[in-house]
Structures are given as structure tokens and as C-alpha cells.
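Novice: Next come the chains, spelled out residue by residue.
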Amino acid sequence: MDDLLGGYSVYIYDEIDQRLVDERVAQFRDQTGRFLAGKLSEDDFRPVRLQNGLYIQRHAPMLRIAIPYGLLASRQLRALAHVTRTYDRGTGHFSTRQNLQLNWPRLEDVPEILATLATVQMHAIQTSGNCVRNITSDHFAGIAPDEIVDPLVWCEIVRQWSTFNPEFAYLPRKFKIAIAGAAEDRAAIQVHDVGLQAVKDDAGEIGFRVLAGGGLGRTPILGAVIRDFLPWQHLLTYLEAILRVYNRYGRRDNKWKARIKILVKDLTPAGFRDQVEAEWQQIRDGDATLTSAEVDRVTRRFTRPTYEKLEPLSSGYVLALGRDKAFASWVRRNVHPHKVPGYAAVTLSLKRTGVPPGDATAEQMDAVADLAERYGFGELRVTHEQNLLLPDVRQSELFRLWQEARGLDLATANVGMITNIISCPGGDYCSLANAKSIPVAEAIQRRFDDLDYVYDIGELDLNISGCMNSCGHHHIGHIGILGVDKQGAEYYQISIGGAQGNAASLGKVLGPSVSQDEVPDVVEKLIQVYLKQRDSDAERFVDVVRRIGTEPFKEHVYGAHQGPKARARQLAAA
Amino acid sequence: MALIKDRKLALDSWQLLEPGADGALPSIPAAGDVIVPLSSWQALRNELVARGDRLGVCLGGGDEPAAIADDLGRFQLIAVRFTSFTDGRGYSIARLLRERYRWRGELRAIGDIQRDQLYYLHRCGFDAFDLRDGEDVETALAAFNDFSEAYQTAVDRPVPLFRRREAAGSR
Numbered sequence: 085m086d087d088l089l090g091g092y093s094v095y096i097y098d099e100i101d102q103r104l105v106d107e108r109v110a111q112f113r114d115q116t117g118r119f120l121a122g123k124l125s126e127d128d129f130r131p132v133r134l135q136n137g138l139y140i141q142r143h144a145p146m147l148r149i150a151i152p153y154g155l156l157a158s159r160q161l162r163a164l165a166h167v168t169r170t171y172d173r174g175t176g177h178f179s180t181r182q183n184l185q186l187n188w189p190r191l192e193d194v195p196e197i198l199a200t201l202a203t204v205q206m207h208a209i210q211t212s213g214n215c216v217r218n219i220t221s222d223h224f225a226g227i228a229p230d231e232i233v234d235p236l237v238w239c240e241i242v243r244q245w246s247t248f249n250p251e252f253a254y255l256p257r258k259f260k261i262a263i264a265g266a267a268e269d270r271a272a273i274q275v276h277d278v279g280l281q282a283v284k285d286d287a288g289e290i291g292f293r294v295l296a297g298g299g300l301g302r303t304p305i306l307g308a309v310i311r312d313f314l315p316w317q318h319l320l321t322y323l324e325a326i327l328r329v330y331n332r333y334g335r336r337d338n339k340w341k342a343r344i345k346i347l348v349k350d351l352t353p354a355g356f357r358d359q360v361e362a363e364w365q366q367i368r369d370g371d372a373t374l375t376s377a378e379v380d381r382v383t384r385r386f387t388r389p390t391y392e393k394l395e396p397l398s399s400g401y402v403l404a405l406g407r408d409k410a411f412a413s414w415v416r417r418n419v420h421p422h423k424v425p426g427y428a429a430v431t432l433s434l435k436r437t438g439v440p441p442g443d444a445t446a447e448q449m450d451a452v453a454d455l456a457e458r459y460g461f462g463e464l465r466v467t468h469e470q471n472l473l474l475p476d477v478r479q480s481e482l483f484r485l486w487q488e489a490r491g492l493d494l495a496t497a498n499v500g501m502i503t504n505i506i507s508c509p510g511g512d513y514c515s516l517a518n519a520k521s522i523p524v525a526e527a528i529q530r531r532f533d534d535l536d537y538v539y540d541i542g543e544l545d546l547n548i549s550g551c552m553n554s555c556g557h558h559h560i561g562h563i564g565i566l567g568v569d570k571q572g573a574e575y576y577q578i579s580i581g582g583a584q585g586n587a588a589s590l591g592k593v594l595g596p597s598v599s600q601d602e603v604p605d606v607v608e609k610l611i612q613v614y615l616k617q618r619d620s621d622a623e624r625f626v627d628v629v630r631r632i633g634t635e636p637f638k639e640h641v642y643g644a645h646q647g648p649k650a651r652a653r654q655l656a657a658a
Numbered sequence: 333m334a335l336i337k338d339r340k341l342a343l344d345s346w347q348l349l350e351p352g353a354d355g356a357l358p359s360i361p362a363a364g365d366v367i368v369p370l371s372s373w374q375a376l377r378n379e380l381v382a383r384g385d386r387l388g389v390c391l392g393g394g395d396e397p398a399a400i401a402d403d404l405g406r407f408q409l410i411a412v413r414f415t416s417f418t419d420g421r422g423y424s425i426a427r428l429l430r431e432r433y434r435w436r437g438e439l440r441a442i443g444d445i446q447r448d449q450l451y452y453l454h455r456c457g458f459d460a461f462d463l464r465d466g467e468d469v470e471t472a473l474a475a476f477n478d479f480s481e482a483y484q485t486a487v488d489r490p491v492p493l494f495r496r497r498e499a500a501g502s503r
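For the record, the sequence lines run as chains P and X. The first sequence begins at 85 in my numbering and counts up by one. The second sequence begins at 333 in my numbering and counts up by one.
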């Protein structure tokens with residue numbers, strides 16, 4: 085068992101971890117059998133299947149497979165490719181929560197899919213439903229130069245604590261926890277139900293800054309700090325206190341007011357904190373208090389790669405950078421610094437124009453699994469921006485990797501740019517959506533098809549959600565696009581000024597929503613204002629919005645006295 | 333309705349008294365073991381204590397277990413009602429009753445109680461389950477074996493897996 089994924093830096097199950105996942109497969113097989121035999125009603129089956137990641141969607145069930153904190157071994161990605169090819173139509177969708185979604189599995193096949201996944205230590209446990217969901221993290225965890233604490237071990241400890249937690253399986257609503265450990269927050273911890281920022285105190289002891297009550301959706305709000313420093317030993321008891329207060333007092337009368345953010349808001353962050361602290365005083369120092377032996381055990385089960393001692397700069401790499409402009413652009417956008425000299429992290433883009441953001445074919449998955457072995461230690465990451473990441477590439481091999489990635493259509497050099505669109509699957513697949521997302525993403529990508537122009541615009545996060553559930557995180561896009569239903573027609577509400585990271589902010593709605601055809605025009609106008617107003621290349625779109633406010637953008641998009649439709653007609657006539 | 337107690341089919345000697353639709357307190361029969369709503373206990377405490385037969389109290393999801401913390405010696409049974417199985421408040425109430433208030437008597441889950449929730453209910457401290465109409469007892473009894481281990485602290489295994497692993501000398 086221990087050698088199953090030998091040498092890779094994902095967490096390796098022990099016998100008990102494996103047994104629990106196997107027992108879950110058997111349990112779900114039995115439940116599905118009873119449902120199909122008519123012994124379990126749809127209402128009674130629904131929460132049970134949701135806690136195994138299974139939705140009933142527009143065309144077919146959708147299965148959301150957990151990729152804990154976005155970490156994958158090559159062997160696991162090959163299993164995902166196999167499942168995608170065998171039980172789906174050959175394409176999977178990587179989501180903003182670092183999971184993989186299949187849109188065409190048959191309900192009858194799902195137990196078999198889960199059994200296949202269990203053979204590579206994977207599952208779909210608690211990827212949906214009103215329970216603690218997949219723990220998300222920084223996709224540069226363990227390799228980021230600005231890292232203070234590697235969050236992965238803590239993610240796994242919380243994953244185990246939350247898995248089949250008997251008290252918190254029927255919460256008022258879903259519950260998302262993100263853990264970050266670097267100077268820059270790349271896990272969006274401020275927009276999670278609970279965000280944990282791993283820090284060190286003056287004595288070098290690890291602890292967590294605890295945020296609660298953040299979230300997007302219908303009532304977007306940034307989380308409030310409820311504890312500045314929680315020593316690591318208390319992580320699980322403190323989470324238990326938070327969850328217990330939420331489970332008991334979170335609203336259950338209205339689905340739209342059931343997230344923890346509403347409870348925190350109603351009690352005020354200070355009032356909520358007082359309740360949590362009071363509960364925690366009752367259970368702190370109990371048996372759930374973590375031990376260093378457990379932290380060591382989990383740490384050892386992440387077999388970290390053995391890095392070679394390399395020169396910080398390879399001459400072949402420097403030469404290639406000077407020789408090949410396209411390679412240099414790709415490096416500038418898709419290659420990221422690594423804490424070990426001579427290594428780099430590489431984003432393999434799933435944002436090629438014409439392909440739904442985050443989608444990968446089974447062939448691409450297999451190919452990426454190979455790349456991760458040949459250009460790394462057989463491990464890769466799923467980013468919350470819906471790309472794949474090779475974490476440990478030798479700098480000297482970047483050029484060769486780039487050539488291979490181009491051949492696989494995975495080298496679109498647009499990370500951080502306007503065309504690196506983050507998008508939910510939208511109305512093409514999702515039955516919750518008000519409007520389509522994918523064609524809007526594609527129309528924008530087509531409008532901005534000149535790479536030099538895209539680079540000139542510079543850093544810009546553009547996020548699209550097909551409905552208020554905000555799976556595309558539109559509130560924290562520099563430009564956010566939200567699908568809305570307007571008397572049965574699909575419209576889009578545009579907001580600007582949102583941001584992720586340490587200086588997270590929520591975007592402001594620009595004005596009346598616009599039709600699908602108008603979206604690229606509106607985005608282009610926003611860019612025109614930005615380019616005119618920026619004081620230098622260094623001032624990003626979102627910086628300009630923060631400096632000058634939304635008014636100049638609004639005026640240019642809507643005109644002084646007329647709506648966008650009239651303006652569009654005028655433009656067309658001109 | 334079938335009662336499972338201590339993982340076995342059991343006979344139910346208790347009469348569950350429920351408030352009227354308007355919240356009116358149920359009338360209390362002169363004799364027999366009864367489970368009364370918390371509101372009855374709070375209003376008719378002396379009368380209920382004076383009855384000779386056994387007494388149980390039923391908490392709803394919104395009730396505070398602290399409200400009966402000082403009275404636990406008066407009861408032979410505590411029931412927690414799940415109006416819907418998706419309302420998970422009762423799981424926390426059960427843990428509080430067992431772990432904080434040290435309730436050792438029968439803890440019965442009543443209401444929308446089905447096979448697929450029994451394992452978690454049991455972990456949180458319930459030892460009796462008043463199954464919803466139509467639930468198959470044999471199928472339900474199998475639920476207690478859904479999982480053979482558990483990571484977290486709960487009533488059935490107060491010591492979390494990581495401490496038990498340590499004690500066993502696991503790597």
C-alpha cells in the first residue's frame with residue numbers, strides 16, 4: 085500500500101484511510117441499488133448522493149470528484165482519464181474548487197466509478213451537500229518562495245477530521261474551508277466559510293489566523309478575523325467549536341440565508357467569536373487536541389520530492405529566452421518561481437480559445453500525467469483558476485516542456501491575463517444556472533485574440549458565473565460577469581473592482597445587465613477606459629478602478645443618458 | 333414504526349406525548365411511561381414528578397440541552413426529534429447531552445429517522461431509534477456496520493483515530 089504511489093508528494097493512504105474509502109464505495113453501492121430498486125425515494129436519496137458528489141443535472145447526472153487541496157499524482161490523473169473515457173464522453177471539467185466534474189456519467193455506473201477511484205486513493209466524498217466540502221489551498225503549496233508554513237499537512241489533517249464527521253453531515257448549508265500558508269493568499273481564504281492562514285509567532289511556533297463568515301453567492305462578504313493566532317494543537321477543537329455553533333444556530337428556514345456568513349453577520353463577528361470561544365473553552369485540551377506525533381505522521385506520508393542541487397540559472401534556458409519570443413512570453417506568463425534554485429512551477433493552460441475554461445480531454449489528462457513524470461516527480465496540481473500545474477520542473481527543461489505542451493494545446497500563454505477566464509460550466513450543463521457561461525467566455529477570448537494587446541492590458545482576472553451561486557467567483561474578478569434571468573431571457577450583469585489575494589475586494593455592479601451579444605463590447609469599453617486612464621503599465625486594471633472609481637467606466641459603457649442597447653445600435657450604424 | 337435499541341429490534345413501552353398543532357400541551361395520562369415535550373416539563377414539573385411511572389423528555393432541534401441539565405436525574409429517557417432528517421441540529425444536541433452533561437440513560441432519535449442516518453446518529457450518542465414508518469428493520473440494522481473506523485472524536489469513540497494510532501505504535 086505504502087508503495088502504491090511511491091515517491092510522489094501526495095498524501096499516501098494507510099490501511100485505515102483505504103478501508104474507509106472502500107467502505108464508502110460499498111455503502112453508496114447499496115444506497116444506489118436501493119434507489120434504483122425503488123426502495124429509497126428521490127427525496128431521501130438526494131442528500132446521500134450529494135455527499136458523494138452526484139447531482140442530477142440538465143442532461144445527465146454530474147459527478148464531482150474530490151481532488152483534495154488540488155494535489156494529484158500522475159497515477160491518479162490517469163485514473164481520472166480512464167474514468168472520463170470509459171464512463172463519460174471523454175472530457176472532464178476542472179472546477180474553481182480544485183475538483184474534477186464529469187457531466188455525462190450514468191447513475192448506475194457511479195458506484196463502479198467510485199470503486200475505480202478508490203484503487204488510486206480517490207473518492208467523491210462530501211464534494212457536495214450541506215457538509216464540510218473539499219479543503220482547498222494554495223496551488224503553490226510547498227514550493228512557493230514566499231511560503232511561511234506548508235499548508236498541505238494541515239489540509240490533510242482537516243480533511244481527515246471532516247471526512248464522515250458524524251455531527252456535521254447535515255449542516256444548514258455547505259461549508260468550505262481554505263488553508264493558506266504564504267505571504268500572499270492564493271487560496272482566497274477571505275471568501276470561504278472558514279479561512280485559515282497558517283502563520284508563525286515570534287517563537288517560531290505554527291498557528292492559524294482564523295477567518296469566518298466569508299463567502300460569495302447571493303450575499304458576498306469577506307470573512308472576519310475571529311482569532312489572530314490559534315496554536316496548531318487546537319486546530320480541530322476550534323473548528324469543532326465553530327461548526328457546532330453554526331450547526332446549532334445557523335438559519336435553516338431560508339436556503340439563501342443559511343450560510344455561516346449570515347450567522348456571523350447577524351451575531352456580528354465579535355458576537356459570533358464570543359460564542360465560538362465559549363464553546364471552545366468546553367472542549368479545548370480534550371482528546372481531539374492535535375499531537376506533534378500526528379503532525380509528524382501525516383508529514384511523513386507526504387513523501388516530498390528529493391530535489392537536485394542545480395544552478396539557479398541554466399545557460400540553455402537563458403539562450404532560448406533570447407532566441408524565441410513566443411517561449412519568452414510563455415515563460416513570463418505561465419512559469420512561476422520555485423523555492424528551490426533551478427526549479428520552476430509551470431501552468432499548463434486549460435484556457436485555449438474555443439475550449440470551455442477548465443476542460444481537459446482524457447487524452448490531455450494522460451499526456452499531462454506523463455509530463456508530470458518526465459518533467460517532475462509524478463505530481464501535479466489543479467489550480468482554483470482552473471488550470472493544471474507542474475510543480476517541480478527543472479529550468480533547463482522548460483523549453484522542451486513548452487514545445488511538448490504546445491503540441492497538446494496546453495501552452496496558451498495567458499495566465500493572469502484577460503483571456504485566462506475563470507468560468508463555471510453555466511447553463512450548457514448546470515441546472516442551477518440562469519444563463520450560459522461558456523459561449524460568453526469564448527466570445528471574450530475571440531475579441532481579445534491579439535496576444536500583444538492582451539499583454540499590453542496586463543494582469544486582469546475575468547470571472548464568469550452562470551448564476552448567483554457564484555461558482556465562477558465573479559465577485560472577486562477584476563471584471564466579473566454574472567448570468568441573470570430577465571423575464572426568461574439570459575442577461576449578464578457586469579461588475580468591476582473585485583480582487584482575490586491579500587487585498588481581496590468585492591466587485592461593484594456597473595449598471596443594468598446586458599445581453600449576451602453585448603458582453604464583449606462592454607468588456608472592450610472597460611479596457612478602453614483603463615488603457616486611457618492608467619498612469620503606467622504597472623498600474624493594473626483593478627488598481628485604476630480603485631483609484632478613479634466605477635463612474636468613468638460606467639459613463640463610457642452606458643453613455644450619459646442612454647442604455648447599452650441604444651449605444652450598440654448607434655455603433656452598428658456608424 | 334419499529335424501535336431499534338442497542339442495535340436490536342426492541343419493544344416500545346413508552347408513550348410519546350406531543351403538543352397540539354397550536355402548541356397546546358398534551359394531556360398527561362394517569363399511568364404509564366410517557367415522553368413529554370420540553371414545554372410540558374417546564375410547565376408541569378411537579379405534576380410529572382409526582383407520577384409514579386417513568387418519565388422521558390423530548391427536545392426539538394431548537395431546544396437547549398442546558399434547559400434540562402439540572403434535571404437529568406428526573407428522566408429515564410431523553411428523546412430528540414428530527415422533523416426532517418436533513419435538520420442536523422439533533423446531532424450536536426446528542427453530543428452535548430452525552431459529553432457535556434454526562435447523560436447515561438437512553439437517548440432516542442425520533443421523527444424522520446431512516447437507515448442511512450443511523451451510523452452518524454449512533455456515533456453522536458443515540459442508542460435508540462424510532463424508525464420512520466416503512467423503514468425495513470433488517471436493512472436498518474446493517475447500517476451500524478457501514479464503517480469499521482472513524483477519524484474523529486465522537487461519543488462512540490471518544491479517542492480520535494490519531495491517538496489510537498499512536499497508542500498502537502503506527503507510523
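Read the hints as simulated data drawn from the structure, not as lab findings. Here the structure is a predicted model, which is why all the values come from computation and not from measurement. Ideal placement from N, C-alpha and C gives every residue a C-beta, glycine not left out. Just to be clear, a hint being listed does not mean it is correct.
Stated by the list, open to error - With beta-carbon atoms standing in for the labels, derived distance ranges:
(1) Arg497/X to Leu492/P: 39 to 47 Å
(2) Glu481/X to Gly406/P: 53 to 61 Å
(3) Asp369/P to Asp338/X: 30 to 38 Å
Novice: Determine which of the earlier numbered hints do not hold for this structure and return their numbers in increasing order.
Specialist: Nothing - there is no hint that the structure violates, so all of them hold.
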